[in-house]
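We have chain A; now place chain B with the ligand onto it with these hints.
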Amino acid sequence: MSTIPLGPVIDTSRAPASGARVVEPQLPQLLFTNTHHLCPGCGEPLAIRSLAEALEDLGLVHTAICALGIGCYTSFGGTVDVEIVQALHGRAPSLATGIKRMRPDATVFTLQGDGDMVNEGLQEVLHTAARGESVTCVLLNNGVFGETGGHMTATSVIGQRTKNTIDGRDAAYHGYPILIGDLIARLEGAAYVARGSVHNAGSVARTKKMLRRAFETQRNRAGFSFVEILTMCPTGWFIPTGEGPDYLSSTLGEVHLMGELKADGVIRTTEELHAENVRKAAELDAQLARGGIED
Amino acid sequence: MTTATPTRALMEGSEALVRAAILADCKFFAGYPMTPFTEVLEHFAALLPDVGGVCINAESELEAVGMAWGAVATGERAATGSTGQGIALMQESFSEATLAELPLVIFNMSRSQGDYFQATRGGGHGDYRHLVLAPQDVREGVRLVQLAFHLADKWRNPVMLYGDYLLAHTQEAVTVEKVDLPPLPPKDWGVDGTTSGTGRSRTVTSLGVAKPGARPFGQEGKAQYIATKMAYLEREVRSESGYCDDAETVIVAFGSPAKFVKYAIAQLRDEGLRVGYVRPITLWPFPTEAVHAAAQGARVVGSFEISSGQMVDDVRIAVAGAAPVEFIGGVSSDHSGFGLGRLLDVDEVRERIRALHEGRPQPPVPGYEEFAYEPLPHQLAATPEVTP
Ligand code: SF4
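Protein chains in written order, with our numbering: chain A, 19 to 313; chain B, 7 to 394.
This is chain A alone, in the form it adopts within the complex:
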């Protein structure tokens, strides 16, 4: 075990001397453009880019078919160079099922928001997982109906302010959020279940790995695969754009914890992930106290 010393930290309190430059084109093959129609600070473009990169990494570009849900991300129907079958709100997993059964060699995935998947279409994703359908369902979870202007969804966390929980989501009145990944992980047909996030570079990299594992699961015909990605929605959360990532990690991210909920046949609940995080944080603190992070 080597020890990485904590080197000089880049000063980010002042603007850099020169602006950022494009050194090489970095457009994934499955994107038409680097631009999007979503709000500044939205997390969905990051998630979609990661997804495009994961498919490219695995050499699955010319096999990809997306059953696309209805939400802000629907506008990506015009900017991703992926074959798309547009679904009704909530219905993408059924479409994906029909597509995959007829085209078993294609890489079939859904792209849905929390309103789409966990509210309107909850039974769709559960049954698709239970059938062990060889598709990948991707959930962009921001705990809010962004497209309608910031309303509570089934994943909004307790205390979260939305337009119809104006004093914050109250468990006694509005009920509790659904931890969808935990529900799916328990189903026999689900082979890979993970929860990622895009609130910082590390989480983006980790999420991309999860997406790769999910698509590998599909390629190996090992069963249903599922990746939930927590995304920023500063508009729907009514906060300044720049505060999105921190708000995400400190609110939604504290409830819908990042991690693999089912991999290689092992189920880990969100509570277990939480316990692990607590243990790791204590370990890290101890290492820092010793003067560096052990690799």
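What the hints contain is simulated information worked out from the structure, not anything from laboratory work. Heads up, a few of these hints could be off.
Stated by the list, open to error - Computed, partial: chain A to chain B, Cβ under 8 angstroms: (1) Phe50; (2) Ser93; (3) Gly96; (4) Val100; (5) Val103; (6) Gln141.
What the hints assert, rightly or not - Derived coverage of chain A by chain B (criterion: at least 3 residues anywhere in the stretch with Cβ under 8 angstroms from a Cβ of chain B; other residues may be distant): (7) 70 to 84; (8) 111 to 122.
Think of the CB as a built atom: it goes at the ideal place given N, C-alpha and C, for glycine as much as any other residue.
Just chain B with the ligand now, kept in the frame of chain A:
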């Protein structure tokens, strides 16, 4: 590949319809059991795997239609089906599938003819129409199923087959043989993943969202495009008429009851009564011209339906005042509400047509008065005007 010689065999209507669908190269079916549609699902489940197809027992009608939608989007022939309530659950998808130009075929085995509006007026959102074919018996059903798949592909539009308890459950001696239909262009729009990342990836969508290089519809444009397409679909109108040339009384009827009407009319003709019939084979588009033409020399036009009277509206539109139009059917089912009522009896049907022809009031619908609604006194009082 074995090509079995079609032989005449006694089989249940549902099985014959399913065998016809498979003959039409249907590769996928998804459904949820519901009487009297259930046997259609059963036969697809039994027969599709043998031809390399897939049948899924979906968790609800919402998913059944979604799965069929996905399968159709690959360019394969696929279908779903249900009855009444189940069809209602599916209708959001029927309208959206029309906007997405999906050749989806729907087996609607209805509980009565009271789902005529549901079938022909939709129930889904927005401005949409889909073709509705109503076979009178199993033999015709075998042919219309194949036509349904053909028309769906020809127009890239959903097509519904409107059957009933009698069609689905009657054992008839039928020959399930291929109907000759002209070839259709290849479905180069169907998704298979191969065009992803090529700069010209396919999209099957109900929305106006377009990729670079594709026609930028926008939502309004897409709605206009579909609205103008519907006018062409009206060309597919089909009907059968009999004895209309000199008929004083013309009866319009569809589906299984039309077969009873035709038989009753033949009996009345033998007695010398100048009665004729028009049988819409397509419920949408409605055979407006055929009904109008038949009404030209008629004294009266009757609509016989097993419902409280729905198609009669279309008959009135078609007749357009050329003759008075009367409803001569009624609500009639068995005790379960799924099967045949006492009105579907050739003697009953014949006497209703005779009464219309002779200008007498209609005989009572059997069992009808027993359950007739009795208004409460406050309901009989006039409701005041509330707008100035
Ligand atoms: S409303 Fe929220 S989810 Fe929608 S584009 Fe804006 S930030 Fe993204």
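(request) Closer than 8 angstroms between Cβ atoms is the bar; does Ser93/A clear it against chain B? Give me holds or violated. (result) At about 7 angstroms, which falls below the 8 angstroms cut-off, the nearest Cβ of chain B leaves the hint on Ser93/A intact, so it holds.
(request) Report holds or violated for chain B covering the segment 70 to 84 of chain A, Cβ cut-off 8 angstroms, minimum 3 residues. (result) holds (count 6)
(message) Hint Val100/A vs chain B: min CB-CB distance below 8 angstroms?
(response) Holds - the Cβ of Val100/A comes within 8 angstroms of chain B, reaching about 5 angstroms at its closest.
(request) Let me know if the C-beta of Gly96/A comes in closer than 8 angstroms to any C-beta of chain B, holds or violated. (result) holds (5 angstroms)
(message) For the restraint on Gln141/A, tell me whether the closest CB of chain B is nearer than 8 angstroms.
(response) Because about 6 angstroms separates Gln141/A from the closest Cβ in chain B, which is inside the 8 angstroms limit, the hint holds.
(message) Hint Phe50/A vs chain B: min CB-CB distance below 8 angstroms?
(response) Cβ of Phe50/A sits 5 angstroms from chain B, so the hint holds.
(message) Verify this for me: three or more residues of the segment 111 to 122 of chain A with a beta carbon less than 8 angstroms from a beta carbon of chain B.
(response) holds (count 11)
(request) Go through the hint on Val103/A and say holds or violated, using the shortest Cβ distance to chain B against 8 angstroms. (result) This interface hint holds because 4 angstroms falls under the 8 angstroms limit.
Taken one by one, the earlier hints all hold for this structure without exception.
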